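*Asks:* Those sequence lines, one after another, are chains A and B. Numbers in my numbering are just positions in the first sequence, counted from 1, shifted up by 1208. Numbers in my numbering are just positions in the second sequence, counted from 1, shifted up by 216.
Quick caveat, the hints were computed from the structure, so don't treat them as lab data. Computed from a prediction, not measured in an experiment: that's the story for all the values here. Think of the CB as a built atom: it goes at the ideal place given N, C-alpha and C, for glycine as much as any other residue. Any given hint might turn out to be false.
[Stated by the list, open to error] Pair by pair, the computed Cβ-Cβ distance ranges are:
| # | chain 1 | residue 1 | chain 2 | residue 2 | range |
| --- | --- | --- | --- | --- | --- |
| 1 | B | GLU282 | A | ALA1365 | 49 to 59 Å |
| 2 | A | ARG1290 | B | ARG438 | 24 to 34 Å |
| 3 | B | ILE277 | A | GLU1288 | 28 to 38 Å |
[To be verified] Far from chain B, some chain A residues (derived; all Cβ distances over 10 Å):
| # | residue |
| --- | --- |
| 4 | TYR1224 |
| 5 | PRO1269 |
| 6 | MET1285 |
| 7 | GLU1295 |
| 8 | PHE1328 |
| 9 | ALA1483 |
| 10 | SER1511 |
| 11 | SER1657 |
| 12 | GLU1717 |
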Amino acid sequence: MGTGRTAPQESAEELYESAPCGYLSTEPDGTVVRVNRTFLEWTGYEREAMLGARLQDLLTPGGRIYHETHYAPLLRMQGEVREIAVEIMRADGSRLPALLNSVLALDAAGEPALVRTTIFDATDRREYERELQRTRDREREARERVERLQGIGAALATSPLSRDAIAAAVATELENRAGAVGAAVGLLGGGGRVRAFGGRGATRGLLDTAPDGRPLAGSAAARALEELATVVQDDAHGVLAAAPLLTEGRPLGVLMVRVPHGSEEPAAEAAFLDACASQCAHALEHARLYEEERDVAATLQRSLLAADTPNDERFRVAAHYSPGDDSLEVGGDWFDVFCLGDASVAVVVGDVVGRGLDAATTMGQLRSAIRALALADPSPSAVLGHLDSFALQAPGAQVATVVYAEISLEDGVLRYACAGHPPPVLTTPGAATELLWEGRSEPLGVRISDGPRPEATRRLSPGGRILLYTDGLVERRTRAFDERLALLAREVDSRAGDVPTRLVSGLTEAMKGDGAAGDDVCLLCLELLPAAP
Amino acid sequence: MLFAHGYGCDQNMWRLVTPAFEEDHRIVLFDHVGYGGSDSSAFDPERYSSLDAYADDVLAICHELELEDVVFVGHSVSSMIGVLAAKREPELFDRLVLVGPSPRYIDEDGYTGGFRREDIDELLDSLESNYLGWSSQMAPVIMGNPDRPELGEELTNSFCRTDPAIAAQFARVTFLSDNRADLDGIEVPALVLQCSDDAIAPRAVGEFVHERLPQSELVLLRATGHCPNLSAPEETVDAIRAFL
């Protein structure tokens, strides 16, 4: 009570031997000359085994390199080294994460004489560093996932609007992803067939079954996909993640990705795949609507073009339509042939601006309007004049071009008019082929001149032909229009012996000539037959 | 004489050696990009993905300073960088001094490099734990003042301090490169300085280099370790002098 406290007695020896850190004294080349008990206890070595051993020999091979390239030079250059992280091999082969601090003692001549080193147990610190490292890795992975999603968005933005192209683009982006072993996109088709895109390597066969084991085929496929939730599960080949492609609850298909074991956080992987799936499903649904519209347009156009052509012993007629190479959408070219009572026949070829469903609809309207107008008054001037009024109420019909001709089946009188359309071709047996340059006026709905639309009259001889066509047959960026028309006249001339069906297909092929057709081509040929004896 | 430091520490590695040559030679010292007083912002991970880029830098220094009859002294990986430079422009070089050279650190197919691939991978992994006083707060001070390295001098371990990302890539390029084929066709006379107990470049590797360079001498030093330029500067200086 009240007496001054006395510090417990401890010798310098005890301070050294039982210090809370390891002590090593070594020669400049690393040979151990003195070691304390703490170090021996931490590492499990006998004192005798340590003396004469070298510090660097206690390190892992990587640590030895570090010792030679950093620790030893630093010690010599600055006389001390602090906080070098190494792993010391214990006697039992396990590793002690440690921090080394060393000072270099010099002899009287200033030369290195002795190195004193303290060793701190850094097990917890190393564990913490690894934790930081893992966090950094996770952040990097998260960043990569965002970039990958952006990549998928970009791929979808540039891919053509077809579901197959979308599935292939998404599968490729997922497969290219750092760390992915494989990826596949399955699209549910008719009859429960699941078509696979991507899916090389370890993902082959992946789409045969849903993750819950149900077969992804036949009548069960749609049900299995409908009930599929996003899953992440380990299997023999790695970590499998799958997400359904749904639009308003309806299954469109499935995304599957396989990554190596331990490379992803399951929750993060599931969230990533969900985001991909919703992006992909949205694009697929968009493409489906687009494809549907395209199909309707194609059906409409087909029905218009395939309508019955009149069968009459006084003339024969052939038409040919070939869609352009560079577009999935239907174009606005059309043709028509119809009888006006018993005495004459009308032929029409037209071209509406634009493509797709709108163009196909307008085309149908103009076609019907011309038939109705021609029945009331078959004169070309009157038909095109009334068509102008119609075009003013149908915006899609503006600037459409039309060639209309009415041929008398009694005397071969041919009346024709062109609204902004290339000139018809007329052939007469025994005479040169001609381009009909009269009866020309502006395209529909953009008439500038006053008065009725002009028309012209010629005569179609027995065995003679009139050929109508759209600009796709003659327009080429690399050739002048005049040159192409002259070529067309020559080609028609050289095919005088061909029946009309053969003529129209042969001309289409011949005029394609120097490649890059691009645009749709529509042509129609009517031949007046000699009167039966 | 152009002195090039190896992987690990900067040009201070030569400070016990260069004074001996100051009287009869022009001494040129430099730091590889990312080290010492260099401008770390010049580091481009793509460009420095092979030792060729470092050899380009050596040649650029020779041209910039209009050096002729260069005695190139390279330590460790820089000895191979010197070989690559001499291969490209042999007329620039009078002599090569290769201190602890190794054209390939990893054992394979009867060749002894001294390490297994796992050893190197472990080194590369463990580099994460040694920052040597590097921190992102310090980086702007050091990198923003490449002309005034004294700003960093106060810090411990400064001679070997570098951006961990640069150090990791230099280590990867150093220890994973295979430059054995580049030894062929070198006509510049070379001195191979081999330490007697070098954990990084074992004696067999030094002998391999000597055999592949017909115009070379091999000198086995009594010095141990990988840095005779620091641990035995006098013996190192004597060997270089005898060679010159």
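*Asks:* Hint by hint, say whether it matches the structure.
*Replies:* Hint check results:
Restraint check, B:GLU282 to A:ALA1365: a C-beta distance of roughly 54 Å satisfies the suggested window 49 to 59 Å. A:ARG1290 and B:ARG438 have their C-beta atoms about 30 Å apart, which keeps the hinted 24 to 34 Å range intact. The beta-carbon spacing between B:ILE277 and A:GLU1288, approximately 32 Å, falls within the hinted interval of 28 to 38 Å. Its beta-carbon lying about 25 Å from the closest one in chain B, A:TYR1224 satisfies the requirement of being farther than 10 Å from that chain.
Not every beta carbon of chain B lies more than 10 Å from that of A:PRO1269, the smallest distance being close to 3 Å; the non-interface claim is violated. With 10 Å as the threshold on Cβ separation, the claim that A:MET1285 sits away from chain B is violated: the shortest Cβ distance comes to roughly 5 Å. Against chain B, the non-interface label of A:GLU1295 is violated: not every CB pair exceeds 10 Å, the least being about 7 Å. The Cβ of A:PHE1328 sits about 13 Å from the closest Cβ of chain B, beyond the 10 Å cut-off, so the non-interface label holds.
Residue-level check passed: A:ALA1483 sits 30 Å from the nearest beta carbon of chain B, beyond 10 Å. Its beta-carbon lying about 59 Å from the closest one in chain B, A:SER1511 satisfies the requirement of being farther than 10 Å from that chain. Even its closest Cβ contact with chain B, about 67 Å, leaves A:SER1657 beyond 10 Å, as expected for a residue assigned away from the interface. Every CB of chain B lies more than 10 Å from the CB of A:GLU1717, the least distance being 52 Å, so the non-interface label holds.
The structure does not agree with the numbered hints 5, 6 and 7 stated previously, though it agrees with the rest.
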